[in-house]
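Asker: With chain A fixed as given, assemble chain B onto it according to the hints.
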Amino acid sequence: MALTPEEVRHIARLARVGLTDEDVRRFQAQLSSILDHFAALQAIPTDDVPPTAQPQDLINVDRDDEPRPSFPREEMLANAPEREDGYLRVRRVLE
Amino acid sequence: MTAATPLYQLTLREAAALLARREVSARELTQAYLDRIAAVEDKIRAFITVTPELALQQADEADARIRRGEAGPLTGVPMALKDVLVTRGVRTTCGSRMLERFVPPYDATVVQRLRAAGAVMLGKLNMDEFAMGSSTENSAFFPTANPWDLTRVPGGSSGGSAAAVAAGEAVYTLGSDTGGSIRQPASLCGVVGVKPTYGRVSRYGLVAFASSLDQIGPFTRDVADAALVLNAICGHDPCDSTSAPVEVPDFSAALTGDIRGLRVGVPLEYFDVEGMDPDVRARVEEAIALFERLGATIDRDLSLPSTPHALAVYYIIAPSEASANLARYDGVKYGFSDRNGATMWEDMERTRQFGFGDEVKRRIMLGTYALSAGYYDAYYLKAQKVRTLIRREFDAAFARCDVLLAPTSPTVAFRFGEKTADPLQMYLNDVFTIPANIAGIPAMSLPCGLVDGLPVGLQIMARPFDEATMLRAAYAYEQAAGFARLRPEL
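Protein sequence lines correspond, in order, to chains A and B. So in this note's numbering, spot 4 of the first sequence is number 4, and the numbers just go up one at a time. So in this note's numbering, spot 166 of the second sequence is number 166, and the numbers just go up one at a time.
Next comes chain B alone, as it looks inside the complex:
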C-alpha cells in the first residue's frame, strides 16, 4: 500500500491499520465504498440490496468503538454478504422470486459474529438462485458481470461475492460453497476464496441447499485477510447440530512463509480432463514448479481413482438433499404465494411453478426421482457409497501428503450464454471443486496468473480441520508468486 492506494483497493489489514492510526474514520471508509458501488454497479451488478443507511450507522458505532480502544481486526471495515445468509430486518432473497420480499426475523450466526466484531455491512450480493449454478446467470433478477471482462460471467453461485471484492466494492465478502460456489468464482474473478472443513462454520441462518455439503466462507484480496475473516466466523455453534466441537487455532499464526519440507500431492485425475484449457493447465503447472522451488516436495504419483465419479455422486446427493430442503417453499408461511389455483394443492404447485426458476426445478425433480420408491437404492444409496470411496481416497492421500494442488476450474471465465443451452455443460465447470465438498475437506482457490487477461485459480486442499497448513501453503506461494496485487481495470 502506498499513500496513493485508493481506499477501495485496501486489504482488510491495511484498512484496519488506517483506522487504528485514525488516518481515516470508519464512516469515511464506508462512504468511499458506497461511492465505489455507485460508480461501478451499473456495470458489475454484484448487489441485490445495498444498505447505505445501515452501513453508515454501523460505521458510526465502529468509530465509537475505535475511540474507546475496543477495536478488533474487523472493526469498521466494510464487507458484504451473499444473499443466501439471513440478515435480520434486511431483505434476503437467495436470488429467487420465491423470497423476493422476504425479510428475515433473525441473523445467521456468521452475521452475528461479524456484527459483534464491528464489521460494517454494505449490502446483500447476487447469486445463482438458491445457490444452484456456476455462473450467477440463474439469478432470478439479473446476471453479475466479471470485473475483468464485462461480457463474461463471474462464476457462481457466489458470483456477486467474488465480483464485489475484485471490483473494489467491498473489502471482503462471504459466500457459500456446496460444489465449488466459493472457489470457482474466486478463480474466475482473481481473488482468494476459502471453503472451510465441513462443520467449521455454523450453517445456522445459511438458507439450506444441500445440508451435508454446504459451507460458508470468505472472499478476500489476499490470504492473510482470509485468515482473519476465518477466525471471526469459524467455531462451534449450539444452534447448528452439524457444527464441529473442535478448537479453532489462530490461522494468522500459520502464515510463516515457510513451506520447506511440505509434502505436496498433485492428483493425476485433476490434470487429464476433457474440456480443460491447456493454458489454464500451464498456469497451474507453473505454480507447482514454484512450490518446488520454495522447498516443497512434489508427489505426482498420486491417484484418486474415484474422481471421475464425483460429478455423478454430487448431482445425485445435492439435488436429493435440495428436494427436501426446498419443500418448505409452499406459499403458506412466507415467500411468494400464488392463490389463483382452484385448490390448496393447485396453489402450492403454482407457487412453486412461478416462484422457482428452471435450474431449481430441474434439481428438485432430479432429487425427487433419486429418492423415490424403486430408485433410492440405485441412485441415492449408491451415490452415498461412492461418497465413502471418495473420502477414503482422500484420507489415504493425506497419509502421505500435507496438501493437494489442482486447478480450480477447467477454464477461465466464459461468456454469458455460452454454457446455458445444456445443463450438463454447466455442471462440468465444477469437476475439480466437487470432490472436496463430498469428502468434507477444506479447500481454497487463489490467483496463479492470467490467460488472455483473465484470471486463473490454483486450488489447494488439505486434511479435515487442517486449514492452518492449507493457509500456510497458500501464503508462501502468494508472497513468492506476486499475483495478489493484480486488479482489473474498471
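Next up, chain A with everything else stripped away, as it sits in the complex:
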C-alpha cells in the first residue's frame, strides 16, 4: 500500500500539520510500510460482527441539566498564548 507524496500532503493538510519536503519523503516511506502491515486485516471474515467502539456497555451517560459554577475566566486565560480584554487573540479568521 504505497502512499504517494500527494496523499501524504493531503493527510497532513486534513490534520493541519505542516511538513517539509524531507518530512513528506520520510513519512511516505514509513506510513506505507505500516499500512502494508495492516493489509492482513482485510482477509479476516467479519460479515456478521458488530464493531466495538469502547469496551463496556455504557450508553449516553449524562447528568441532570443543572447549572453549576465553572472556572474563573482569569484561570482559563492564564495559559493563553495571546489575549486581549478577556478574550483569546487569534489571527484573522475570515479574509
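Some hints here could point you the wrong way.
Said to hold, decoys possible - Between beta-carbon pairs, the in silico distance windows are: (1) B:Leu-486 to A:Arg-63: 44 to 50 Å; (2) B:Asp-279 to A:Asp-64: 56 to 62 Å; (3) B:Ala-20 to A:Arg-89: 50 to 56 Å; (4) A:Asn-79 to B:Ala-116: 21 to 27 Å; (5) B:Arg-415 to A:Ser-70: 44 to 50 Å; (6) B:Asp-301 to A:Asn-79: 53 to 59 Å; (7) B:Asp-60 to A:Pro-67: 44 to 50 Å; (8) B:Leu-268 to A:Arg-89: 58 to 64 Å.
As the list claims (entries may be wrong) - Covered, in the sense of this in silico footprint (three residues per stretch, anywhere, with C-beta under 8 Å from a C-beta of chain A), are these stretches of chain B: (9) 232-244; (10) 313-325; (11) 372-381; (12) 407-413.
Because the hints were derived from the structure by calculation, they are not lab data. For glycine and all other residues, C-beta sits at the position ideal for the given N, C-alpha and C.
Answerer: Relative to chain A, chain B alone:
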C-alpha cells in the same frame, strides 16, 4: 525490612508503619527521597519537574494528620506522577514541546484522590511524548535511563514512572497504559505495574491519547503495595462518563497467598512469536511451573486465534482516536503557539509542525488517513470489528480460566537507539500487552527473574473487574518466587 533498610528502599506498607510508630516523620521521609533524587537523577533522568517545596509542605500537612490520628495507608508517603496527569499549579508537559509551559488549572481525579489520602507528590515524571512510544526515547526533552543498565531504555511510555520506583526515587508512582505503557516499562525495570479494567479509574485529568484504550495505574515495589494504591484511585467518577459505576472491593483482602485450584490459561499465541528472546521465554516458563507447584491447574490448550491481528487493530484504532484527541493543540487557547505564518491556518500548521515530535505526527497522520473518506470502512470500521472478535475470544477463555499468564515483553531492556530506525520495530515491543487494552480487561506485570542481569516481567490478565483474582495470583507467585526484593545497584 531490617533496621538497615535505607528509607529510599521501603515499600509503601513499611513506610506507613514507620510513620505510624513515629520512627520517622513524613518530612524526614520526604527529604530522604528528595536527597535520593538529587543523588541519582543525573544518571536516571526520570523527572521532568521535581517539586521539593510542595512536597515538604504536603509532608508537613501529613505529619499534622498523623498526629491527629487521622492517617490512612498512603498518608505521608512520597510518590510521583507521570507528566500526562494534570496537576493544578504544577507544569504538566506530556513530554512535549507543545505543553512545555502549560500549567493546568485543575487536578486530575486520581490526583485529587491521592491528595485527599495525604500522599506527598515529589514531582512529574518523564514519558514518551503524549504517551506514544515504548522506550521514553520520544520524550521531547531527554531520555530516561534504565536503573539496571544506564545504556538501556526503561521502556515506555511511562518510562520515568517505572525507573523512579526501581531507582528508589519514589515509593510508588502512577503511569498510564494505552497499549502496554505501564506493563512494558514495569517489566523492563523489574517492578510491579498494573493496568486496571477499562473504566475502573477515572480518566478525568488524564491527557487523552486514545479514549477507548487509556487507563491510569500504579507502579510499586510489590503486589501488596499495588493493591493499596489501586484502592485509593479506583472508583466511579461523575466527571468521566466512561467511568464504570461498579463497586470497588478491598483489593488487599484478596491477597490470601492461596491459589490452589486456580485455573490458569497459557495462550499459545503468546509463546510462539518471532523476535521473542528464548531466555525471556524460559523465565516465564519457570513462573508457570511455580504456579503449578502452588496448586494451580495449567491449561496450555488455550488458543486466542486473533492475537496476531491485535497489533494492526491497535495501530489503527489508537492513532485514529489520537488524531481526534490531539486536534485541540492548535495554539489558540494554551500551549505552544507559532504566530510566524502568513495566515491563521499557516500558524496552526506551524504550531503543530514545531510543537509535535515525529512519532506524534506519524500517528496523527495514520489516524487521519484511517478515518478519512474512502478508507474509514477498510481501516477503522474493520479494526473495530476485529476488536469484537478479540474481546469474544477473551470472554470464551475466561469461561474456562480464572487468569491468563504470558510474557509482558518479547525482550529485556534494549539499548538506546536500537529500535528507533524503523517505527514498526518499536511497535512490536507491545505485541503481548496490546490485546488487554483492546479487550478492556485488567492486566499487570511483575518480576519473574533476570536474563543477563536485566529484569523479565510476567504478565497476568483477568476478567473485567476481577482485579482481585489477578492480584491474588500475583501475590501468591511473588511470595513464593522471591523476585520482589531484587534491586539494581545504583
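Asker: Between the region 407-413 of chain B and chain A, are there enough contacts, at least three residues with CB-CB distance under 8 Å, for the coverage claim to hold?
Answerer: Per the Cβ count (0), the hint is violated.
Asker: Mind checking the hinted window 53 to 59 Å against the Cβ distance between Asp-301 of chain B and Asn-79 of chain A?
Answerer: With Cβ atoms ~56 Å apart, the hint holds.
Asker: Look at the Cβ atoms of Arg-415 of chain B and Ser-70 of chain A and judge whether their distance stays inside 44 to 50 Å.
Answerer: holds, 49 Å
Asker: Starting from the range 44 to 50 Å, see whether the pair Leu-486 of chain B and Arg-63 of chain A falls in it by beta-carbon distance.
Answerer: holds, 48 Å
Asker: Between Ala-20 of chain B and Arg-89 of chain A, is the Cβ distance one that fits in 50 to 56 Å?
Answerer: holds, 54 Å
Asker: Can you take a look at whether the region 232-244 of chain B is actually covered by chain A? Rule is 3+ residues, C-beta closer than 8 Å.
Answerer: holds (count 4)
Asker: If you check the beta carbons of Asn-79 of chain A and Ala-116 of chain B, does the distance land in 21 to 27 Å?
Answerer: holds, 26 Å
Asker: Determine whether the Cβ-Cβ distance between Asp-279 of chain B and Asp-64 of chain A falls within the hinted range of 56 to 62 Å.
Answerer: Cβ of Asp-279 of chain B to Cβ of Asp-64 of chain A: about 58 Å, so the range 56 to 62 Å holds.
Asker: Using the Cβ atoms, figure out if Asp-60 of chain B sits within 44 to 50 Å of Pro-67 of chain A.
Answerer: At roughly 38 Å between Cβ atoms, Pro-67 of chain A and Asp-60 of chain B fall outside 44 to 50 Å, so the hint is violated.
Asker: Given that the region 313-325 of chain B was listed as covered by chain A, double-check it with a C-beta distance under 8 Å for 3 or more residues.
Answerer: holds (count 4)
Asker: Okay, Leu-268 of chain B versus Arg-89 of chain A on CB: inside 58 to 64 Å?
Answerer: For Arg-89 of chain A against Leu-268 of chain B, whose Cβ atoms are near 60 Å apart, the range 58 to 64 Å holds.
Asker: Counting residues of the region 372-381 of chain B with a beta carbon closer than 8 Å to any beta carbon of chain A, are there 3 or more?
Answerer: holds (count 4)
When the structure is compared with the earlier hints, violations turn up for hints 7 and 12 and for no others.
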